[in-house]
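S.K.: So the chains spell out like this:
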Amino acid sequence: MATTTPVLPGTSAEPMPKTVAGRVRRRLNTRAATVVSILIALLWTVPTFGLFISSLRPEDAIKTTGWWTFFSDPQLTLDNYNEVLFGQSASSGQLANYFVNSIVITIPSVLFPVAFAAMAAYALSWINFRGREWVYIGIFALQIVPLQMALVPLLSFFSRGVSLGGITLMPAWQLEDEQKFIQVWFAHTCFALPFAVFLLHNFVSQLPGELMEAARVDGASHAKIFRTIVLPLITPALASLTIFQFLWVWNDLLVALIFAGGGDETAPLTVRLAELAGTRGNEWQRLTSGAFVSIVVPLIVFLSLQRYFVRGLLTGSVKG
Amino acid sequence: MLVYGLVAFVVVVGGLLLLLDVVPTYFARRRERQLLAIAAGEIPAPPSGRVGKSREWGFALIFLLPVLMLLAIGLVVPLVRTTLLSFKNGGSTDWVGLENYGWMVTDDGILGVLWNSLLWVVLVPLVATSVGLLYAVLVDKARFESVAKSLIFLPVAISFVGASIIWKFVYAYRSEEQDQIGLLNQIVVWLGGTPQQWLLDSPLNTLLLIAVMVWIQAGFAMVILSAAIKAIPADIVEAARLDGVTAWQMFWRVTMPSIRPALIVVVVAITVATMKIFDIVRTMTNGNYDTNVIALEMYNQAFRYQQVGQGSALAVFLFILVIPIVIFQIRNLRRQREG
Chain A
1 MATTTPVLPG
11 TSAEPMPKTV
21 AGRVRRRLNT
31 RAATVVSILI
41 ALLWTVPTFG
51 LFISSLRPED
61 AIKTTGWWTF
71 FSDPQLTLDN
81 YNEVLFGQSA
91 SSGQLANYFV
101 NSIVITIPSV
111 LFPVAFAAMA
121 AYALSWINFR
131 GREWVYIGIF
141 ALQIVPLQMA
151 LVPLLSFFSR
161 GVSLGGITLM
171 PAWQLEDEQK
181 FIQVWFAHTC
191 FALPFAVFLL
201 HNFVSQLPGE
211 LMEAARVDGA
221 SHAKIFRTIV
231 LPLITPALAS
241 LTIFQFLWVW
251 NDLLVALIFA
261 GGGDETAPLT
271 VRLAELAGTR
281 GNEWQRLTSG
291 AFVSIVVPLI
301 VFLSLQRYFV
311 RGLLTGSVKG
Chain B
1 MLVYGLVAFV
11 VVVGGLLLLL
21 DVVPTYFARR
31 RERQLLAIAA
41 GEIPAPPSGR
51 VGKSREWGFA
61 LIFLLPVLML
71 LAIGLVVPLV
81 RTTLLSFKNG
91 GSTDWVGLEN
101 YGWMVTDDGI
111 LGVLWNSLLW
121 VVLVPLVATS
131 VGLLYAVLVD
141 KARFESVAKS
151 LIFLPVAISF
161 VGASIIWKFV
171 YAYRSEEQDQ
181 IGLLNQIVVW
191 LGGTPQQWLL
201 DSPLNTLLLI
211 AVMVWIQAGF
221 AMVILSAAIK
231 AIPADIVEAA
241 RLDGVTAWQM
251 FWRVTMPSIR
261 PALIVVVVAI
271 TVATMKIFDI
281 VRTMTNGNYD
291 TNVIALEMYN
301 QAFRYQQVGQ
311 GSALAVFLFI
321 LVIPIVIFQI
331 RNLRRQREG
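Heads up: the sequence lines are chains A and B, in that order. Mapping of the first sequence onto UniProt numbering: position 80 corresponds to residue 80, and the numbering continues sequentially without gaps. Mapping of the second sequence onto UniProt numbering: position 124 corresponds to residue 124, and the numbering continues sequentially without gaps.
Rather than coming from a laboratory, the hints here were simulated on the basis of the structure. No false leads were mixed into what you were given.
Taking beta-carbon pairs under 8 Å as the criterion, some of the chain A residues facing chain B (in silico):
| id | residue |
| --- | --- |
| 1 | Thr64 |
| 2 | Gly66 |
| 3 | Met119 |
| 4 | Tyr122 |
| 5 | Val145 |
| 6 | Met149 |
| 7 | Glu178 |
| 8 | Cys190 |
| 9 | Leu273 |
| 10 | Leu287 |
| 11 | Thr288 |
| 12 | Leu313 |
Think of the CB as a built atom: it goes at the ideal place given N, C-alpha and C, for glycine as much as any other residue.
Looking at chain B on its own, in the form it has when it is part of the complex:
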């Protein structure tokens, strides 16, 4: 199948580029003929300007064609359809109005899920960004800086499933009489405590799952914030130092204001990633023991219980939560372009 895929790739991309080569030569020839005809006085000269503009449109369309088509099929149409499905019943046969949304805000199980998701969305960006920032400040200009940064950055490359298994092993439980094989329980035992079933007790288990996400995202925050810190102009730092500020003042009065844009980018990116979190919960607890989140519940409703309407309502809810972030991002983008 891989060969088919590669052949398809060569055909599609090569075909588009070929098309882009053939079309302009065709137009060029035609224009040449036209110019000759005009020179010979056979036809009147066309109004200039308009022709060139519309031809540019054509080129742009060929360049944009695959992206626009795929986005329409893969994202835009699904967006509309999912929204419609959320107003239909489980088998998508009848319209049920707002029933699915009513179910969402009254069902106790779902309320717990929403509550957990809120905990994720508040804690993960906050803790991951703080740890990343702290570490970026601490190792800045230290010896072995690049190695130290790579160590924290490494989990970014690990899949959520892989990370879940790594941490499941850390949280592993053996009864008191046996030797512990999970690091966390061993530390508890060394400190004289009794081993715990970490993933069974709510709300502690949700916090421990959140720790996994923090572990993955902190490296991402660290890299971006570290670059922002390094981009602070040296003369500002020097001036502050001459004024005799302490390290603490330097951090709050100089570093923080200077890296504000990067900080916003990091928090937004981690927030969006956290809203869609699914893999960690599914692999570690499968949403049991009160650890479920919106994205996993949506998957369960739509694909396991065949309640497409309810699943779609959850997806729409997720989308509505993200809309303010889109608007915020677009405003940032426009400001950046004007500036």
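Only chain A is shown next, with the shape it has when bound in the complex:
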């Protein structure tokens, strides 16, 4: 600052006040903006952070003092995780089982709708047939059917089969124990389709038409075009739909509650966690570590694939 060139009096006197006032106002504006945005950011992250810290504190500490005391008196332990995942007593959570269930439920429930929706999206965009528009609008509209409406009939479809006027068209499935996974896969696949078709259709219909035509002229069948041209081109869209569907299935409670039952053979993490929150609402050492176990997989998927996820959200919504 000592070496600044001296300013001649008079030359800068005129414009100075204006720019200074302007700069001050701008700075105040940005400062207020910064404060508000930091405040929002804190409000959105502190609760999760608190949960994470708590899950690592010893049981007595969690139950007697707030997690913020961690900064003055740091005590860390993995006991909570060990107990909640592998503990043998009925009250401990035994989350390891449920974690596996969540994985078993999620993988097929993601693969099926993505594959079916990709095929449907191709047919709806590139095969010329009458009524195409109406089929698409019908599927689109089904997006809005509340899940709740489908639950009772779908459950009776599984348990009683289909009969029309006394004739059994399809026998009851009579699924028990582990076989209940099939119901859950089936239900998740049905419920995911309208949105999946909608999202993929947005991508597939925007592919260049000349490409398809050229392939048709060369004598390629629809199946071949679909496999060798369309699928590779819409990989980003498939990725974003996969993430969507993964998060939705992994985080779902309602479908699992009704179709998987509450036992440790089929119920996913969310069901068990909701149960713990209901019956052991004050066992914070289990709730916090349990909640973190259920959060961690979607968070990893989400953080590493965020870019695709956002891209999927945007094509589905913002146009132009």
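Go by the hints and put chain B onto chain A.
M.R.: Frame of chain A; chain B shown alone:
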């Protein structure tokens, strides 16, 4: 079981694709033979045009088969059946006409539930969208923008059950003599107040549950609105700036009109998600202390009290509420296609 699932997947999808490969070659061969026959003058040439069209239909059907079948079983038939069930009694044995709907609009408990749901559907989209928009505007072009946005976006990935536990912990209560373990009560104590049992007092508890949903949805709103803001053409912003508009005018006259379509999408999506909200209320209060909502009450009636008729009536009511949104969406879709 996972192995069975994967095998089923490979068989079904692989089978469909194989079918799609075999069918066209079969047709191609047949047509070849036909053409040869025509060339040899054995049969007259068929009228062209129609054959190709109907074959396209066949292909489309194979491609669409799984989706159409699953949607019929999973959504369309249930839609009809639930509507029929809503006119039957609890055990679905007798027709009772509009009795279930009458119960819905006269029972005091249910009226409270409807009232709560209304509060959810009005507040969540409004607050979540506002916060998302505010934040998107504030961090636009700021340093660390992507990190700042990720922080708000993160709750989108957390399950409703997980989020409920996170916030239950924030709202946790200890009596005055003890140290508080819930952040909210600790802040109250620091400010010199007495700790509250947040989740027991109506209507405050409903508002606190709504806060959880806002916390989850604001990130979704923020991401879409932020992209819309970035898509505003630079020359419009530049022209406005040359005209000397203030930041406030810029926001209302330039930003808001430009992002209107995205704003509608966000509000509609959050509204639909909020109508079906179920997990948060179930995990945090189980609908006690006057916090119940339609979706949870529907679950309770149909699956806990075995009152399928009443539960179905609630589900139908939920569907009727969403119908205007479907129509609105379809009109948007058609306009987009024409434009």
